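Residues per chain, in single letters:
Number of protein chains: 2
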Amino acid sequence: MQLHDLELSALQDRIAAARADFEAFQALKLHLDMTRGKPSAAQLDLADAMLGNLGPQDVFTASGEDARNYGGLQGLPEVRALFAGLLGAPPEQVVVGENSSLALMHDCLAWAMLHGVPGSTQPWSRESAPAFLCPSPGYDRHFALCEAFGIRMIPVPMTGEGPDMDVVEAHMRDPAVKGMWCVPLYSNPTGEIYSPETVRRLAQMPTGAPDFRLFWDNAYAVHHLTPDPAVLEDILPACAQAGHDDRAFVFASTSKITFAGAGLAFFGGSPANVGWFLEMAGRRSIGPDKLNQLRHLRFFGDAEGLKRHMDAHRAILAPKFDAVDAALRERFDDLAIAQWRRPRGGYFISVDARPGTARKVVTLARELGIALTPAGATWPGGHDPQDANLRLAPSFPPLEDVRTASQGIALCILIAALEAERDARLNS
Amino acid sequence: MQLHDLELSALQDRIAAARADFEAFQALKLHLDMTRGKPSAAQLDLADAMLGNLGPQDVFTASGEDARNYGGLQGLPEVRALFAGLLGAPPEQVVVGENSSLALMHDCLAWAMLHGVPGSTQPWSRESAPAFLCPSPGYDRHFALCEAFGIRMIPVPMTGEGPDMDVVEAHMRDPAVKGMWCVPLYSNPTGEIYSPETVRRLAQMPTGAPDFRLFWDNAYAVHHLTPDPAVLEDILPACAQAGHDDRAFVFASTSKITFAGAGLAFFGGSPANVGWFLEMAGRRSIGPDKLNQLRHLRFFGDAEGLKRHMDAHRAILAPKFDAVDAALRERFDDLAIAQWRRPRGGYFISVDARPGTARKVVTLARELGIALTPAGATWPGGHDPQDANLRLAPSFPPLEDVRTASQGIALCILIAALEAERDARLNS
Numbered sequence: 001m002q003l004h005d006l007e008l009s010a011l012q013d014r015i016a017a018a019r020a021d022f023e024a025f026q027a028l029k030l031h032l033d034m035t036r037g038k039p040s041a042a043q044l045d046l047a048d049a050m051l052g053n054l055g056p057q058d059v060f061t062a063s064g065e066d067a068r069n070y071g072g073l074q075g076l077p078e079v080r081a082l083f084a085g086l087l088g089a090p091p092e093q094v095v096v097g098e099n100s101s102l103a104l105m106h107d108c109l110a111w112a113m114l115h116g117v118p119g120s121t122q123p124w125s126r127e128s129a130p131a132f133l134c135p136s137p138g139y140d141r142h143f144a145l146c147e148a149f150g151i152r153m154i155p156v157p158m159t160g161e162g163p164d165m166d167v168v169e170a171h172m173r174d175p176a177v178k179g180m181w182c183v184p185l186y187s188n189p190t191g192e193i194y195s196p197e198t199v200r201r202l203a204q205m206p207t208g209a210p211d212f213r214l215f216w217d218n219a220y221a222v223h224h225l226t227p228d229p230a231v232l233e234d235i236l237p238a239c240a241q242a243g244h245d246d247r248a249f250v251f252a253s254t255s256k257i258t259f260a261g262a263g264l265a266f267f268g269g270s271p272a273n274v275g276w277f278l279e280m281a282g283r284r285s286i287g288p289d290k291l292n293q294l295r296h297l298r299f300f301g302d303a304e305g306l307k308r309h310m311d312a313h314r315a316i317l318a319p320k321f322d323a324v325d326a327a328l329r330e331r332f333d334d335l336a337i338a339q340w341r342r343p344r345g346g347y348f349i350s351v352d353a354r355p356g357t358a359r360k361v362v363t364l365a366r367e368l369g370i371a372l373t374p375a376g377a378t379w380p381g382g383h384d385p386q387d388a389n390l391r392l393a394p395s396f397p398p399l400e401d402v403r404t405a406s407q408g409i410a411l412c413i414l415i416a417a418l419e420a421e422r423d424a425r426l427n428s
Numbered sequence: 001m002q003l004h005d006l007e008l009s010a011l012q013d014r015i016a017a018a019r020a021d022f023e024a025f026q027a028l029k030l031h032l033d034m035t036r037g038k039p040s041a042a043q044l045d046l047a048d049a050m051l052g053n054l055g056p057q058d059v060f061t062a063s064g065e066d067a068r069n070y071g072g073l074q075g076l077p078e079v080r081a082l083f084a085g086l087l088g089a090p091p092e093q094v095v096v097g098e099n100s101s102l103a104l105m106h107d108c109l110a111w112a113m114l115h116g117v118p119g120s121t122q123p124w125s126r127e128s129a130p131a132f133l134c135p136s137p138g139y140d141r142h143f144a145l146c147e148a149f150g151i152r153m154i155p156v157p158m159t160g161e162g163p164d165m166d167v168v169e170a171h172m173r174d175p176a177v178k179g180m181w182c183v184p185l186y187s188n189p190t191g192e193i194y195s196p197e198t199v200r201r202l203a204q205m206p207t208g209a210p211d212f213r214l215f216w217d218n219a220y221a222v223h224h225l226t227p228d229p230a231v232l233e234d235i236l237p238a239c240a241q242a243g244h245d246d247r248a249f250v251f252a253s254t255s256k257i258t259f260a261g262a263g264l265a266f267f268g269g270s271p272a273n274v275g276w277f278l279e280m281a282g283r284r285s286i287g288p289d290k291l292n293q294l295r296h297l298r299f300f301g302d303a304e305g306l307k308r309h310m311d312a313h314r315a316i317l318a319p320k321f322d323a324v325d326a327a328l329r330e331r332f333d334d335l336a337i338a339q340w341r342r343p344r345g346g347y348f349i350s351v352d353a354r355p356g357t358a359r360k361v362v363t364l365a366r367e368l369g370i371a372l373t374p375a376g377a378t379w380p381g382g383h384d385p386q387d388a389n390l391r392l393a394p395s396f397p398p399l400e401d402v403r404t405a406s407q408g409i410a411l412c413i414l415i416a417a418l419e420a421e422r423d424a425r426l427n428s
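Those sequence lines, one after another, are chains A and B.
Residue 82 in UniProt numbering is what sits at position 82 of the first sequence, and the numbering runs on without skipping anything.
Residue 235 in UniProt numbering is what sits at position 235 of the second sequence, and the numbering runs on without skipping anything.
Note that these hints are calculated values from the structure, not bench results.
Bear in mind that the values here come from a model prediction, so they are computed numbers and not experimental data.
What you were told as hints is all true, and nothing was included just to trick you.
Copies of the same chain look alike in the list, so a pair counts if it fits in one copy or across any two.
Below, computed lysine to any residue pairings styled on SDA-like, alpha-carbon distance capped at 25 Å:
(1) K360 x M1
(2) K29 x R359
(3) K307 x P56
Generate the whole structure from the sequences, applying the supplied hints.
Okay, structure coming up:
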């Protein structure tokens, strides 16, 4: 049933009932946080064996180098081989960084602005108004980087199988469009999976800028919430096949695999892009923390070990996502008030509330003691043109808290929608 | 005795004797490397307890945060307090980075170029020809950063107690001079110690650029080679006293204290500079590897523990520096052929060979199987105007190898000088 099918009196009754529920919730004096995609303590515990798995005899790499000393800019070959699957790249086209893939994206952008990338005729900072396509809703920290570097952001709608490629291809003719943010698997926050067709079109499309780059943030490459994981087409072979070998910078990390503060970050790309990255990175540092690389290697052993580890994460995470989904379904059973999908992986649930009410929902939730990501945060410049999108992050709180918070959030979405409908009728 | 005091026949005799020694050395078929300031395995062993000193119960910070998770951008307060002495700054004016102070210098330069620093009216990349003063000989990786960022380098001679301040102050009037590299304690490579007067003048001097910065690389803050360590005046209080609070960016690391590949790097500065650094760094990463911070904290305990640890380094390093000094003295006993100082700390011995012969010395050493840093590497652009300076790095090879290599190097310096003197006479 749509809200506008309700009689005004029925609407008023529902508002009264919902407000009564709201007061009951307020009496609970909650302090719940659903803002950021942080692993829970139980998830971090899964990697605790990594804390003590390097003895004084274990500090040597496969080639016999002492991992305690300087060097090894690209990362250990055996570690690159272990994680190559996250990048969809052969190990020789992978670089291991420190603990943050965001840092690698920042550095690629900074170097592009200062020096340009392979194929550039000048540094991006010399272009009159460099722009990035920003599939939206998207990741707020991507957008913050563009803002910091003075890169214009062009929102592109999502379709359920990635960005709207007709819109993307239309913008691509503009040589000012230098890049595009992509979280291709379990997109942050919508959870959608770029279809093979989307990946193919991104690889093949003509671009006005000869040095255009996909910033391919494969943050959730192995972060499945179902036993039958989705398969994402690898972007690097797709680009190579299309004759656009250098089109994609690929990023990943183990922040949500081992320790969020002490994982490994990865860069993958064509030989030319990797050569460029290493040239830039080689000025910046003599080499990464190879002991932490060895800890990861000893802990997982091989790709099968990594898969088993992610199954253990799934056992902790999936019930939390189920709890959010159940709470939303329960509250909206007979009314089409909000749209959301149950993601098959990743860290977020994206909910579109009634347009014009997202900010109100966040305010109402705060009154219940539930912290939500600010409305608009998932849009470039913090501006959601519909004021509809909410990003829920259920990973960190315990399951029982996720359940309670989700019920509270659903209630806030309902109240905001009902009262907006009422106000619209009374004002018309 | 000076070379020119020798009769030609005596010169020829000495050349013949030295060349005979050279052939004897060649027969040893050496493979020795005196190029980079890397800690030896024995030094790295000193920190091996750090590998296993964090159990699953030890991952919490003093304030109870879980160090395995995201956050803590500035670094743990207890770790900042432990290492504040390296920076000469209170803990609240210290930031802990990842494993490389060079990376922090790179990032400060990149951000200055893209955004400017506190006090800038525009990004440094918009200046017509930004320049840095480069005390020379100096650290090749500093100069490589300037080169990469298109920053003009102005060499400044060293005096034995830091850069020639009359030259520095004369250049300072030029508003294009945005920065200056300083390794104030045990300078790389000359080993000299900036005098209190030098530090004071650097802090007080008027500058043409309102956003001028000292890049104060205190790489060897606790790396003493004598039991009575030198005392360096802290630059931050000196700047504050002179009313130039924001003048210095201070850098340090534990790369040559714990593990060269897996240490901690530090930034220190005025409150405004630290605020700026954290604003920039906060876009780049959600936070550093706090587990590695805790490993360092548990390992040292306090400043006294750090001091004891550095005494153990000194016991390994001092004999190697002694060996170099002894080999040079032995070979040059009666001839004033080369100038060098016995450093009281740091990682290098800087030798000035006869002008015009440094390249020849490196070539001769290679013929003996001894790798030396390329001649000129210690000068901006790789250009030593005198072709005289050689940088010897005795830390990495075992003591016996350092002794042998130093004898070989001294021989090469001697041969190059003798033959240059002979050639000069024969051509005159």
